[in-house]
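In order, the protein sequences belong to chains A and B. If you read the first sequence in this note's numbering, its first letter stands for residue 1, the second for the next number, and so on. If you read the second sequence in this note's numbering, its first letter stands for residue 1, the second for the next number, and so on.
Since the hints were derived computationally from the structure, they do not count as laboratory data. Please note that the accuracy of each hint is not assured.
[To be verified] Across the chosen pairs, the derived CB separations fall in these ranges:
no.: 1; chain 1: B; residue 1: M281; chain 2: A; residue 2: T80; range: 47 to 53 Å
no.: 2; chain 1: A; residue 1: E92; chain 2: B; residue 2: W270; range: 38 to 44 Å
no.: 3; chain 1: A; residue 1: E92; chain 2: B; residue 2: I109; range: 21 to 27 Å
[As the list claims (entries may be wrong)] To spell it out: a stretch of chain A is covered by chain B in this simulated footprint if at least three of its residues, at any positions, have a beta carbon under 8 Å from a beta carbon of chain B; those stretches are:
no.: 4; stretch: 48-55
no.: 5; stretch: 74-86
no.: 6; stretch: 115-123
[As the list claims (entries may be wrong)] In silico negatives: residues of chain A with every beta carbon more than 10 Å from chain B:
no.: 7; residue: F14
no.: 8; residue: A19
no.: 9; residue: V21
no.: 10; residue: A35
no.: 11; residue: S37
no.: 12; residue: V43
no.: 13; residue: V44
no.: 14; residue: E45
no.: 15; residue: P59
no.: 16; residue: G90
no.: 17; residue: F108
no.: 18; residue: E109
no.: 19; residue: D111
For each residue, glycine too, the CB sits at the ideal point set by N, CA and C.
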Amino acid sequence: MSKIEKNWLEWSVFVISLALVVSVLSYLSYQALFAKSTPPVLVVELGSAQRQNGYYELPVTVHNRGSQTAEAVQIEVRLTKPDDTHEQAGFEIQFMPPRSSRRGVVTFEADPRTAERLSGRALGYQAP
Amino acid sequence: MTDRNADPSAAPVGDRRTVRQSLEEYGRGVAGGLLFSLPFLYTMEIWWSGFQTQPAHLLAYMAVTFLLLLGYNRFAGMRRDANLLEVCIDSVEEMGIGLLLAALVLFLIDQITTEMTAIEIMGKIVVESMTIAVGVSVGTAQLGASGADAKTGLEADEARSADSAANDASGAAQPPPSTIGQLVLAFCGAILFASNVAPTDEIFEIGMAASALKLLGLSALSLLVGAIALFFSDFRGAEAHVRRGGLFAVLFALITSYCAALLAAGLMLWFFQRFEDMPLMIAVAQVIVLAFPAMLGASAGRLLIQ
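The following block holds chain A by itself, in its conformation from the complex (with noise of 0.2 Å):
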């Protein structure tokens, strides 16, 4: 068996590659035996309204706290107006990555500040 001759530079290639091939393979080992895999969890949460060229707009941030994604989330706010009437608003999300958050805006025509009641959460979503 030769003897391995290499420079300075390869030398910090290697040792700085080495370093990153490990960190990923332990932190993916470790992930792989210690994460549950929980199905996704997905909770909505709703920001302040705002009005915006004549109707009012509501931020939403959803979270999902599990493990595995979740994809075509469907996301619908229900707002009860004093009269007891409903209005509704959504918008989809693509992709829920694990533990993630994605931020969208729902609008309405009633002031949801107002409003009898305000609720919002996830309709469905594709299991992954």
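Chain A is already provided as a structure; the job is to place chain B on it using the hints.
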């Protein structure tokens, strides 16, 4: 081109290279890595598969890539006296460069942001970096300089087997030399070409729509193109590597190339989870659709990549 050829005091074969020479080599590797995998970096399905894939799957992907790199570096790499340790070192370097390049490009095209979680970022980088690593390996060995000292592992093998063939009277009846080396290169080429299209939805679309007869046609076209590339064109190396040994060797090379292509296609599709909940017919159809680019890669791998 390189001053290695111009400068008589340059390091001789097997000795320590100068920093400048190593820089050139890494430069070729980086260029090759990006050249072969840029379509991969710019494809949405691959970003998605980064976070859809389970960590255990990613580990398997890294392991397979490492084996590929070992095989490629052993049979076609730049190193003359490649012993196992050196081949391992090269493969680790290529993976490291792949990881760094993937992280850099993904960051610049806004696919890695501070809002993402670690596992999402890591998944994307790992999926992208493995193709880049193979590209780096091919680029280092193929692009630019091939001076007298750039004797590849395969050529060294042939030199060795040529010696033994002189003592062997029944040489013509045997398969061509370094069959395993040829197969490894065919497989590497197949993976490199197929990986750029494997995760796209188009493979599934075609597989779903194509009739059995058309798939048979596609399969025949794959074999035909493979045959043209291997035997009838003027590709570098065709004469030396394939033609000797008569009809049997010709058929043997063609069939093994297609096997490598089918295997590579199946492996890639399995990794990108294209077989889950899929009827057998569509699974097979997808393999055949993907085996076409893989066969191009396999034929090129045998001939061009060396």
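Structure-based check of each hint:
1. B:M281 / A:T80: 47 to 53 Å: Given a distance of about 51 Å, which is inside 47 to 53 Å, the answer is holds.
2. A:E92 / B:W270: 38 to 44 Å: With a Cβ separation near 29 Å, A:E92 and B:W270 fall outside 38 to 44 Å, so the hint is violated.
3. A:E92 / B:I109: 21 to 27 Å: holds, 23 Å
4. 48-55: violated (count 0)
5. 74-86: With 0 residues in contact (Cβ-Cβ under 8 Å with chain B), the coverage given for the stretch 74-86 of chain A is violated.
6. 115-123: Coverage by chain B is violated here, the residue count being 0 at a Cβ distance below 8 Å.
7. F14: violated, 5 Å
8. A19: violated, 8 Å
9. V21: Since the minimum Cβ distance to chain B is about 5 Å, A:V21 lies within 10 Å and the statement is violated.
10. A35: violated, 7 Å
11. S37: violated, 8 Å
12. V43: holds, 15 Å
13. V44: holds, 17 Å
14. E45: Given a closest Cβ separation of 15 Å, the condition holds.
15. P59: A:P59 is indeed farther than 10 Å from all Cβ atoms of chain B, at 15 Å.
16. G90: Given that every Cβ of chain B is farther than 10 Å from that of A:G90, nearest at about 22 Å, it holds.
17. F108: About 26 Å separates A:F108 from the closest Cβ of chain B, which puts it past 10 Å; holds.
18. E109: Given a closest Cβ separation of 31 Å, the condition holds.
19. D111: holds, 30 Å
Violation of the numbered hints given earlier is confined to hints 2, 4, 5, 6, 7, 8, 9, 10 and 11; the remaining hints are satisfied by the structure.
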